[in-house]
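Take the sequences, apply the hints, and build the full model.
Chains as they are written, first to last, in my numbering: chain Y, 1 to 415; chain G, 1 to 415.
Quick caveat, the hints were computed from the structure, so don't treat them as lab data.
The structure displayed is predicted, hence computed values, not measured ones.
Don't take each hint at face value.
[What the hints assert, rightly or not] Taking lysine-lysine and the DSS-like style, the derived pairs with C-alpha atoms no more than 25 Å apart in a straight line are:
#1 K383(Y) to K316(G)
#2 K79(Y) to K100(G)
#3 K408(G) to K331(G)
#4 K320(G) to K365(G)
#5 K111(G) to K104(Y)
#6 K316(G) to K316(Y)
#7 K297(Y) to K365(G)
#8 K316(G) to K297(Y)
#9 K365(Y) to K383(Y)
#10 K40(Y) to K365(G)
#11 K100(Y) to K365(G)
#12 K331(Y) to K383(Y)
#13 K408(G) to K383(G)
#14 K297(G) to K316(Y)
#15 K297(G) to K320(Y)
#16 K320(G) to K197(Y)
#17 K176(G) to K229(G)
#18 K331(G) to K316(G)
#19 K365(Y) to K100(G)
#20 K111(G) to K246(Y)
#21 K197(G) to K100(Y)
#22 K297(G) to K320(G)
#23 K40(G) to K176(G)
#24 K365(G) to K104(Y)
#25 K163(G) to K104(G)
#26 K104(G) to K365(Y)
#27 K320(G) to K331(G)
#28 K320(G) to K297(Y)
#29 K365(Y) to K246(Y)
#30 K265(Y) to K180(Y)
#31 K111(G) to K197(Y)
#32 K412(Y) to K365(Y)
#33 K197(G) to K111(Y)
#34 K297(G) to K331(G)
#35 K229(G) to K180(G)
#36 K316(Y) to K383(Y)
#37 K111(Y) to K100(G)
#38 K197(Y) to K79(G)
#39 K320(Y) to K365(Y)
#40 K365(Y) to K297(G)
There are 2 protein chains.
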Amino acid sequence: MQAEIIAIGDEILIGQTIDTNSSFIAAQLNAEGILVWQKKVVADTEEAIRRALDEVHPDTRYVFMTGGLGPTKDDITKKTLLEYFGGEMVFDEAIYEHIKELFKSFQREPKEVHRQQAYIPSSSTAILNERGTAAGMRFERNNCFYFSTPGVPYETEHLVGDKIIPWMMETQMEGKLYHKTLITQGRGESELAEILKDWEEGLSESLKLAYLPSPGLVRLRLSGAAQTKSESKALVEEGIAIMRSKLGDLVFGEDANSLEEIVGKSLAQRNLSLATAESCTGGYISHLLTSIAGSSKYFLGGVVAYSNALKINLLKVNPKSIEEHGAVSEKVAIEMAEGVRQCTGSDFGLATTGVAGPEGGSPEKPVGTVWIAVAGPQGSKAKCYHFGNHRQRNIRRSTLMALDRLRKEVQKIDC
Amino acid sequence: MQAEIIAIGDEILIGQTIDTNSSFIAAQLNAEGILVWQKKVVADTEEAIRRALDEVHPDTRYVFMTGGLGPTKDDITKKTLLEYFGGEMVFDEAIYEHIKELFKSFQREPKEVHRQQAYIPSSSTAILNERGTAAGMRFERNNCFYFSTPGVPYETEHLVGDKIIPWMMETQMEGKLYHKTLITQGRGESELAEILKDWEEGLSESLKLAYLPSPGLVRLRLSGAAQTKSESKALVEEGIAIMRSKLGDLVFGEDANSLEEIVGKSLAQRNLSLATAESCTGGYISHLLTSIAGSSKYFLGGVVAYSNALKINLLKVNPKSIEEHGAVSEKVAIEMAEGVRQCTGSDFGLATTGVAGPEGGSPEKPVGTVWIAVAGPQGSKAKCYHFGNHRQRNIRRSTLMALDRLRKEVQKIDC
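Structure (structure tokens):
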């Protein structure tokens with residue numbers, strides 16, 4: 001019950017496009033206990049695609065191919081699959097109807113190149129792509145299924161997540177692996193390892209703990225590989241409970257949870273609202289918050305106060321505070337958080353002010369110095385952090401730290 | 001002169017982490033004309049790493065391995081490389097000094113696990129990692145170089161970009177490929193293909209055009225493969241000039257340019273300032289703008305007016321306009337852009353208001369309806385768009401369209 005992924009596209013091999021499709025497919029398969037034992041990236045030539053098909057391992061039961069489907073000349077997967085699996089191109093009326101509908105929703109007309117996309121090899125089963133014009137395809141040979149989806153992630157996510165995996169679950173059997181991930185904020189990989197050390201050393205061979213750091217977050221993935229999926233699951237769930245008790249409120253969520261989602265839920269459950277006053281994070285906090293559907297229920301908005309004038313005019317920060325303490329200071333952070341809370345009438349105000357870099361640092365306040373303030377029903381608090389000297393990383397780490405500070409304050413209030 | 005990439009990590013195989021390192025390395029090599037002919041992802045076990053090393057093609061000259069270096073127990077690349085290439089672990093004083101310095105900058109003390117990172121196989125040359133504790137390593141065997149870097153992208157980008165590639169360029173020879181990419185906004189893949197059709201059909205075999213669509217943008221990559229790098233370059237540059245003349249102002253940049261960078265440069269060159277008033281884009285415009293170092297020179301900040309109250313109180317939108325036309329309307333978009341321009345004193349005001357979804361749509365204003373307004377020295381303009389029904393995609397497409405609308409208005413003004 002193993003799977004292989006073949007990503008097609010020069011743009012991946014030359015590093016211009018990041019292969020998010022493979023990750024998405026692997027995650028989906030993994031969640032169902034199906035092991036991806038290899039990923040490959042090949043060029044978008046007939047020869048390379050054919051060679052990759054020839055090299056599929058005899059024991060592989062599922063091959064996922066992404067990329068190389070679409071209206072322009074550089075798309076040749078469909079042609080190669082037709083030659084490989086045989087048959088002829090047939091016009092699929094249902095797919096063309098869908099293409100016409102799709103264009104109607106964009107208030108445009110399909111052209112001949114789009115009509116061509118309704119031709120599908122007779123050796124395949126077409127999979128309707130509700131998010132685009134290029135249909136997915138399923139082929140079968142020697143007890144192995146081959147799925148082909150377009151390179152556009154938004155379309156492949158739909159085809160794999162909504163169509164192919166449910167079809168597999170319905171018609172095929174289940175795997176044995178089980179994973180669960182805890183997501184932590186505020187401590188580095190090695191500090192977490194110290195906390196878990198004794199427990200980790202006593203783990204059985206069926207359990208494996210992995211540390212997955214990214215800027216501002218460390219995910220801890222516990223994987224179980226027992227005789228059955230339910231046995232693996234039981235082992236993992238038991239381990240996760242122990243890890244949670246050891247890590248306390250360093251853990252903010254599980255698996256695909258994001259901090260912005262957890263913060264949003266915590267606010268919504270308590271019927272509380274939030275507004276932001278961002279300087280060094282430049283709108284990234286509000287971007288993450290508003291990426292969650294339904295966030296308008298608790299997020300009122302905020303001010304990106306990049307210049308001092310905006311801090312003073314819109315957030316009513318006292319010019320004297322900036323003069324005496326500097327814009328990157330406890331006093332200004334607190335005034336920003338309280339200012340945005342007041343001018344929007346929100347329950348919570350969240351503020352950041354810092355030196356994102358690469359310029360603007362001083363010996364006293366080096367690049368990476370960030371003040372984060374939370375103003376709420378229980379009063380106002382600010383804290384200073386040092387996040388190093390990389391701009392993008394500073395913005396991300398400040399944002400995650402700010403959201404986590406807010407999470408802890410909100411969760412102190414009874415639901 | 002070919003390269004292979006081996007990414008190590010269960011987290012990539014199960015799709016939890018996206019393999020950005022491979023993309024980064026491939027892009028860097030490609031820019032120097034070195035072809036990456038294969039990428040592989042393998043599990044983080046000694047067996048899988050060893051097998052991948054055994055399977056390196058005899059003609060491969062450079063092998064880039066990322067992942068599996070770091071202070072915690074799941075990191076085993078260094079141990080496997082030691083066994084594979086022989087020698088013994090030796091303590092590297094310079095690396096330990098660097099580790100101590102690094103901890104000092106975080107105002108913390110290194111622990112024993114961090115000191116362990118200063119041990120390096122005697123068969124390798126250590127590569128100092130200025131962004132972290134895990135050093136890079138270079139091994140050599142049978143005229144092939146093997147580089148090992150940590151899985152953390154921020155560290156691998158530094159080691160490969162600042163250390164390994166410059167070393168290769170200095171000590172090795174150059175490749176033959178040449179690529180250039182034009183980046184366009186505002187038209188789909190097939191419409192661009194129509195414009196370029198006749199020219200593209202007459203292309204010689206040494207040139208290849210690829211369409212690389214992503215939400216809101218289409219990149220057009222022209223690749224040349226002639227006898228020498230300078231020949232390839234001449235062919236590509238000539239082709240790019242023709243494409244530019246055919247596509248006109250649909251093209252906003254080249255290669256790694258981003259729209260936010262081009263907009264920022266256009267403003268800075270003219271000594272003009274900008275403020276934003278974002279509703280449906282929720283701060284994403286200001287996040288992209290402030291991700292550019294030095295953006296505080298032209299970006300004053302803005303208001304994320306998610307609620308109507310903020311539109312009225314901070315941006316001085318007329319409540320009657322919202323009542324009569326709705327928050328998603330030409331009138332409100334213009335009042336937001338003019339309001340933020342007025343309250344911040346900026347030269348340009350850029351506003352978005354729309355239905356990002358999945359809720360909030362109506363038959364008259366379905367999910368995906370977005371008004372974008374630009375207010376500037378030449379007056380105010382708004383336009384309505386329909387971006388379909390996917391929330392994240394709507395936010396991204398609205399943001400890119402808004403930045404591109406602004407770009408065109410700014411570029412009308414003489415430098």
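Hint by hint, here is what the structure shows:
no.: 1; hint: K383(Y) to K316(G); result: violated (33 Å)
no.: 2; hint: K79(Y) to K100(G); result: violated (58 Å)
no.: 3; hint: K408(G) to K331(G); result: holds (21 Å)
no.: 4; hint: K320(G) to K365(G); result: holds (19 Å)
no.: 5; hint: K111(G) to K104(Y); result: violated (62 Å)
no.: 6; hint: K316(G) to K316(Y); result: holds (16 Å)
no.: 7; hint: K297(Y) to K365(G); result: holds (20 Å)
no.: 8; hint: K316(G) to K297(Y); result: holds (22 Å)
no.: 9; hint: K365(Y) to K383(Y); result: holds (14 Å)
no.: 10; hint: K40(Y) to K365(G); result: violated (44 Å)
no.: 11; hint: K100(Y) to K365(G); result: holds (21 Å)
no.: 12; hint: K331(Y) to K383(Y); result: holds (11 Å)
no.: 13; hint: K408(G) to K383(G); result: holds (14 Å)
no.: 14; hint: K297(G) to K316(Y); result: holds (22 Å)
no.: 15; hint: K297(G) to K320(Y); result: holds (23 Å)
no.: 16; hint: K320(G) to K197(Y); result: violated (63 Å)
no.: 17; hint: K176(G) to K229(G); result: holds (4 Å)
no.: 18; hint: K331(G) to K316(G); result: holds (13 Å)
no.: 19; hint: K365(Y) to K100(G); result: holds (21 Å)
no.: 20; hint: K111(G) to K246(Y); result: holds (20 Å)
no.: 21; hint: K197(G) to K100(Y); result: holds (23 Å)
no.: 22; hint: K297(G) to K320(G); result: violated (36 Å)
no.: 23; hint: K40(G) to K176(G); result: holds (24 Å)
no.: 24; hint: K365(G) to K104(Y); result: holds (15 Å)
no.: 25; hint: K163(G) to K104(G); result: holds (23 Å)
no.: 26; hint: K104(G) to K365(Y); result: holds (16 Å)
no.: 27; hint: K320(G) to K331(G); result: holds (10 Å)
no.: 28; hint: K320(G) to K297(Y); result: holds (23 Å)
no.: 29; hint: K365(Y) to K246(Y); result: violated (35 Å)
no.: 30; hint: K265(Y) to K180(Y); result: holds (21 Å)
no.: 31; hint: K111(G) to K197(Y); result: holds (14 Å)
no.: 32; hint: K412(Y) to K365(Y); result: violated (32 Å)
no.: 33; hint: K197(G) to K111(Y); result: holds (14 Å)
no.: 34; hint: K297(G) to K331(G); result: violated (30 Å)
no.: 35; hint: K229(G) to K180(G); result: holds (13 Å)
no.: 36; hint: K316(Y) to K383(Y); result: holds (21 Å)
no.: 37; hint: K111(Y) to K100(G); result: violated (63 Å)
no.: 38; hint: K197(Y) to K79(G); result: holds (20 Å)
no.: 39; hint: K320(Y) to K365(Y); result: holds (19 Å)
no.: 40; hint: K365(Y) to K297(G); result: holds (20 Å)
When each numbered hint is compared with the structure, violations occur for hints 1, 2, 5, 10, 16, 22, 29, 32, 34 and 37.
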